[in-house]
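Given these sequences and hints, build the entire structure.
Going line by line, the protein sequences match chains A and B. Per the UniProt record's numbering, the very first residue in the first sequence carries number 1; after that it's consecutive. Per the UniProt record's numbering, the very first residue in the second sequence carries number 1; after that it's consecutive.
Hints are supplied without guarantee of correctness; some may be wrong.
Derived lysine-lysine pairs resembling DSS-like cross-links, with alpha carbons at most 25 angstroms apart [what the hints assert, rightly or not]:
1. A:167 / B:53
2. B:145 / A:167
3. B:53 / A:145
4. B:307 / B:277
Calculated directly from the structure, the hints in this document are not laboratory data. This one's a predicted model, so the numbers in the text were calculated from it and none came from an experiment.
Number of protein chains: 2
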Amino acid sequence: MKSVAEIRFTPDPLLPEPLYHQIKEYIKQKIMQGEWTPGMRLPSQRALATAFKVNRSTIIAALDGLHSEGLIETNYGGGTKVSRAGWNTMSTPLLNWEDYVESGNHYPNLPEVQIINQSEYRCDIIRLGTGELAPDLLPQSYFQKIYEKLAQHAPSLGYLEPLGSYKLRQAISSYLADQQIQASPESIIIVSGSLQAMQLIAMGLLPRKSSVLVEKPSYLYSIHAFQSAGVRMIGMPMDKEGLLTAELGRYIRENRPSLLYTIPTFQNPSGVVMSDKRRTELIQTAEATGLAILEDHAYADLWLDEKPPLSLKARDPGSYVLHMGTLSKSVSPGLRIGWVAGPETVIQRLADIKMQTDYGASSLAQEAATLWFTEGYHDIHLAEVREALIRKRNLVLDILARNLAGAAEWNVPQGGFYIWLKLLNGTRPETLFRRALAEGILLNPGSIYDRFDQNHIRISFAYASVTELEKAIIVLSQLISS
Amino acid sequence: MKSVAEIRFTPDPLLPEPLYHQIKEYIKQKIMQGEWTPGMRLPSQRALATAFKVNRSTIIAALDGLHSEGLIETNYGGGTKVSRAGWNTMSTPLLNWEDYVESGNHYPNLPEVQIINQSEYRCDIIRLGTGELAPDLLPQSYFQKIYEKLAQHAPSLGYLEPLGSYKLRQAISSYLADQQIQASPESIIIVSGSLQAMQLIAMGLLPRKSSVLVEKPSYLYSIHAFQSAGVRMIGMPMDKEGLLTAELGRYIRENRPSLLYTIPTFQNPSGVVMSDKRRTELIQTAEATGLAILEDHAYADLWLDEKPPLSLKARDPGSYVLHMGTLSKSVSPGLRIGWVAGPETVIQRLADIKMQTDYGASSLAQEAATLWFTEGYHDIHLAEVREALIRKRNLVLDILARNLAGAAEWNVPQGGFYIWLKLLNGTRPETLFRRALAEGILLNPGSIYDRFDQNHIRISFAYASVTELEKAIIVLSQLISS
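Take a look at the structure:
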């Protein structure tokens, strides 16, 4: 795995020491303090020049200095590493942390995902791939009111119950009841976002070497919760009506999956809504075969034109469906509040593992989320967000239609954030990803969602501003057409 | 694993339906909604009677009704389960969620720990084992000021960087500098409490089947972060000066550990402070053998009589030490904020896994923690807490000396929360645990911290109130003496 160092320091031209010397001393201190350890690969000269905001020749001078002090070394492959010799003058058996980093059980993030995670914090970047509401769509002013309320009645700073705050579970229970989902507070667990829910499910419910059915493409391919638990993912075909339920019987017979993971509403990345008919068929198949379903409802509140069909959980005749929801997509990604509703046996098991994992979600976040629901902000906020998202969606669809007709195909999302763009002219998504990044535009190549995908990118109209969207989509169109 | 259902419902004597009927209908609804699933074991009649606040005969009548409707069944072993037959009248292949719960990779919590986790929320219990500050020692009023500040400048609701809020990392960097630990913000990751830090380290740095040296007894035995990652824990002897460093060489040769986990200051559960001499020896051994050290500094701020010796990290000549800290013990358990400082390679790897696990700690909690440090509350609060803890410690030591001299031995904690009580008269800790629980007192048997321990209990003077402490220690003394 490539180490991507975070660099915040920039040399000061007003100081008497030359810039290259300041950079040399900065890196030297990093090495002497043991923060940059033997074997750690330094970023490329180009990357260092960008990070320190200097010319490449300044970087070369700094590296030369470090070289001659024996602090770094260049191998013939070209990479520069912190050297083992220079780090410690005594010849003791050095700890090589690089080995540790290579040897843990858990998969690293996909390289593209790592680059995306890192690049998102560059201030010059247009985030055309980011599946989050734009900062100006986040309900800051409602949360100010929530903080005022918190200041008045000072909620507990202690640990909450294993399932999470009972008041929050009550609020979510009635939120779910509005969607015709029967789930009492005891059958709900609060989690730190739905990514954690999947981690808990992978660790707590699925045996090693079991398999899970997944739509293909799927968000689930972009994370490693299931693979890291030794669970195999089997992609199932889908079309504009969602999962091909007609194929389900065969997939179940052949793979005996322990679970089907689905995002039936505004699927990530395809934007597809599973039709009413397919939902019914899926539930019928679950009943007929004993298939367990994990329903990810993250985007359901974000319908734009009309309410989507009832969730799978609302149609669940018994307890085939584990239902996940979250505030990350519709309200606040940073709050880290999500939930799972399902049989109490399962919920208790997940709570037991959660207690072992992080001892529960932040009580402060849970208190804020409780007020979010009980003070009625959720619905007001959604109405506002919906309006803004419709505007942004239409803008993007307009520019695409004007610039890419013939060169690409795309869905018209009825909700959620995503446009799943199919490149028709042979442009490789990975090439496009790199070239767009060079132009300061971050997008998500399709291979993140389907390892073998060769012709899709996922773009989101939620995060970038209107001005950014206009600029980025036009640049993107040029890159695709050229 | 035994399912422990959460029951909040109590029947209403003012309603026309008899109590047993209300209980029957409540359980029936749970079963019909699929929240209590086939195979789920019901709590005992006694536990149900307590939960519903009725006589056992009322419970028997309710269960009889459920039996005759075929909704539950009793096996010859005596347990009552939700029946498969009654749950769904169609004879479809039922999903047995109990099987799922048994089959995940992750270990369940120890049975005692599960009982403790559940019982802590009983309102009639005295929590003599709980390693947390009492509610009245939590800095509610300072946090009210923090919420007011948050209301004024409305922090971001978006995701934060993979390493966590830069401002918080800066604050922690200077907090560490005050303790003579050099760690720049780039070498610090924010985690949701140190339990999560250990989970990330276990998943991200340690190969399966590797081994980790641990003090014995140790808190680490009470959780399954390492075992669930397939890592073996090897207990090392300790005495009043901490880890027996003289034994280290042999343990390293024989086990080639990938890490040593230690709580050098106010160890959990023994309360021991590793002496200055042993700390020096430990670091020397690390240098000589390339041993990686994970230092858990959770209790270090809670010194009572005098400042403890410098941390291992402050003595680290290079980068042998990963250093963990947390606000859970000294400030607020519910906030869920901790940190790890170490080589950037390691910190970046942990951040990558954290992004896959829960996408970062709650930004709200991080903003509050930043203000906690930057507004200077930390030191003021610690001075207040110290005074209160000294009072409570002295009280408990007094009562123990008056009532248990000869029957038990214990340490005089110089900081932290814990008294590690050795039973000298043959009383079994597990028996004591059960008998104390029957008297409404929750304590931690030593086997949680050392599987083979037969004669210790851990009591904490931090959580229970002065009145509760007086009552509980006297009852405990009687139980031990009788």
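Restraint check for residue 167 of chain A with residue 53 of chain B, where alpha carbons must lie at most 25 angstroms apart: Holds, at about 21 angstroms.
Agreement of residue 307 of chain B and residue 277 of chain B with the hint, judged by alpha carbon distance not exceeding 25 angstroms: Given that 25 angstroms is the threshold and the Cα spacing comes to 16 angstroms, the pair holds.
Proposed proximity, residue 145 of chain A with residue 53 of chain B (alpha carbon, max 25 angstroms): violated, 39 angstroms
Pair hint outcome, residue 145 of chain B versus residue 167 of chain A [Cα-Cα no greater than 25 angstroms]: holds, 24 angstroms
In summary, the one numbered hint that this structure violates is 3.
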